[in-house]
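Undergrad: The primary structure of each chain is shown beneath.
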Amino acid sequence: MRKITFKIESRLDATPLLGQMVNALCSAAGLSPTDAGFVEVSVVEAANNAIEHAYLGDPNNFVEVSVSLAPDALIFDVFDSGKSADPDFVHSNHQGALSLSEETLAHASERGRGLAIIQQVMDSIEYTPGSGRNRFRLIKRLRAT
Amino acid sequence: MRKITFKIESRLDATPLLGQMVNALCSAAGLSPTDAGFVEVSVVEAANNAIEHAYLGDPNNFVEVSVSLAPDALIFDVFDSGKSADPDFVHSNHQGALSLSEETLAHASERGRGLAIIQQVMDSIEYTPGSGRNRFRLIKRLRAT
Amino acid sequence: MKIAEKQFGPNTVVQVLEQRLGADKAVAFKDAVGRVLNNGNPQLYLDLSQVEFIDSSGLGAILSLLKRMEKGRELIICGLTEPVASMFKLTRMDRVFTIYKNVEQAVSARTH
Amino acid sequence: MKIAEKQFGPNTVVQVLEQRLGADKAVAFKDAVGRVLNNGNPQLYLDLSQVEFIDSSGLGAILSLLKRMEKGRELIICGLTEPVASMFKLTRMDRVFTIYKNVEQAVSARTH
Ligand SMILES: Nc1ncnc2c1ncn2[C@@H]1O[C@H](COP(=O)(O)OP(=O)(O)O)[C@@H](O)[C@H]1O
Ligand SMILES: Nc1ncnc2c1ncn2[C@@H]1O[C@H](COP(=O)(O)OP(=O)(O)O)[C@@H](O)[C@H]1O
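Chains as they are written, first to last, in the working numbering: chain A, 1 to 145; chain B, 1 to 145; chain C, 1 to 112; chain D, 1 to 112.
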């Protein structure tokens, strides 16, 4: 199984380059441009969450994303060494965050859609807190073409 | 300055993915497809050298490639923690390895063209041995388009 | 945050000149566009045709602009590229925004 | 190492079905092509039209095949993609190999 790890500083302006690499890798693995774009957004959301919520914006840390190319799936492991999230919260259904309509617009939050996007795009997710190393695993299955 | 680090296992079959990422990054930075291809080959040659000559083929190590995107250049730092090379040898002119002709064919070696290719493609190189961490820096200047 | 501003009669067109509207650019984007948001123009056209990437922060920033529009004024989105249109759809943003293919179509539909 | 073998009259065409001919594939490539190298055909056509990446190990492997050709036999390279042709040129391999645009042109030039 082929594998590569991307490592960036814990700064929001470091995630675009990560995203572009993830997109290129998804394309090389055979995902459609649309799906590659969705996966790019998802991994960037996970990295942004690590930066904002695990490291609380401290730029002197690192976010690592290990990508494993299995024959039938792409596995993204997003690692941080900051504050852990509550796995039950991460795993809970976040689709409510995407229930936007004209009626609810006034109360719609500007934030809180990252996990919902990740859940929509990915086939499965698993958040594993660890002392000094949290792992957020995102799996995208490859469909036979 | 934007920066990303790629990390792979010290196996020859891990370098294709590294190469594809380097190529995508070069394209995003504005290099032509031909130059992006040349830089890809150069970084792969450096990684292969680390695997074959620094780690002597032991697959239980890692090669790291840190890429810094300066406004006028791409800087690739290829790190290994194996046996150091002789910097004077690395820095010496290797273009003789590319002097192939019908007359010299019988004596032409199958190997030994990696550093020559790197020197041809890159604008400057610098090998810095370190205890536990050797760095091979390859710099490709970006020309104004 | 690079934007270009143009007047189209009484209305303003703001074109985002960045390829990515992500978390690192969301605040600067809100500031830049916010400055012309309620400058008296009945319609503000937001031209996203240069944007190839948007995430939840970028989408949230656009949503916050919509919520800050004064009564009787309109925020009109133009020129969504394929990846950005896909994100509008995935997050249901397409339900609350008026979206046109490009500025020309938007202006002609809105002023005739 | 995926290759496809075809007979063209008395000659053999070997097409490399890998996109990359790098250090990890060089030995397998030499073994695979070496098996048909001196099988009696006067000409061996090596079709590289599927190969988009080659490094010094891949080039070295092709060079070793050339050196192993028996007297009176020819190794003919066909279908170099742009990145592979650039590497042939950079390393001067283009000086010692007979190279044609594609197998059809090579065969017709060599047999007429
Ligand atoms: N990696 C993480 N570490 C800690 N907390 C997290 C992490 N990811 C998400 N969270 C928590 O989950 C919440 C929802 O995340 P998300 O849906 O991405 O929206 P947003 O980041 O915009 O708040 C965050 O506000 C945060 O409290
Ligand atoms: N990273 C490295 N660590 C140790 N030795 C190296 C390294 N890179 C190159 N060398 C030495 O330089 C020589 C020439 O390298 P190169 O031109 O790439 O050709 P090749 O790897 O085919 O021998 C190698 O054979 C090796 O002795």
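These aren't lab readings, by the way, just hints derived from the structure by calculation. Be careful, since some hints might not be right.
In silico DSSO-like cross-links for lysine-lysine, where the CA-CA straight-line distance does not exceed 30 Å [stated by the list, open to error]: (1) A:K7 to B:K83; (2) C:K71 to A:K83; (3) C:K2 to C:K71; (4) D:K89 to D:K101; (5) A:K7 to B:K3; (6) A:K83 to B:K83.
A few chain D residues that face chain B, going by a derived Cβ cut-off under 7 Å, partial list only [claimed, not checked]: (7) R20; (8) T98; (9) I99.
Ideal Cβ placement from N, Cα and C applies to all residues, glycine included.
Undergrad: May I ask which of the numbered hints given earlier this structure violates, with the numbers listed in increasing order?
TA: Violated hints: 2, 6, 8 and 9; rest satisfied.
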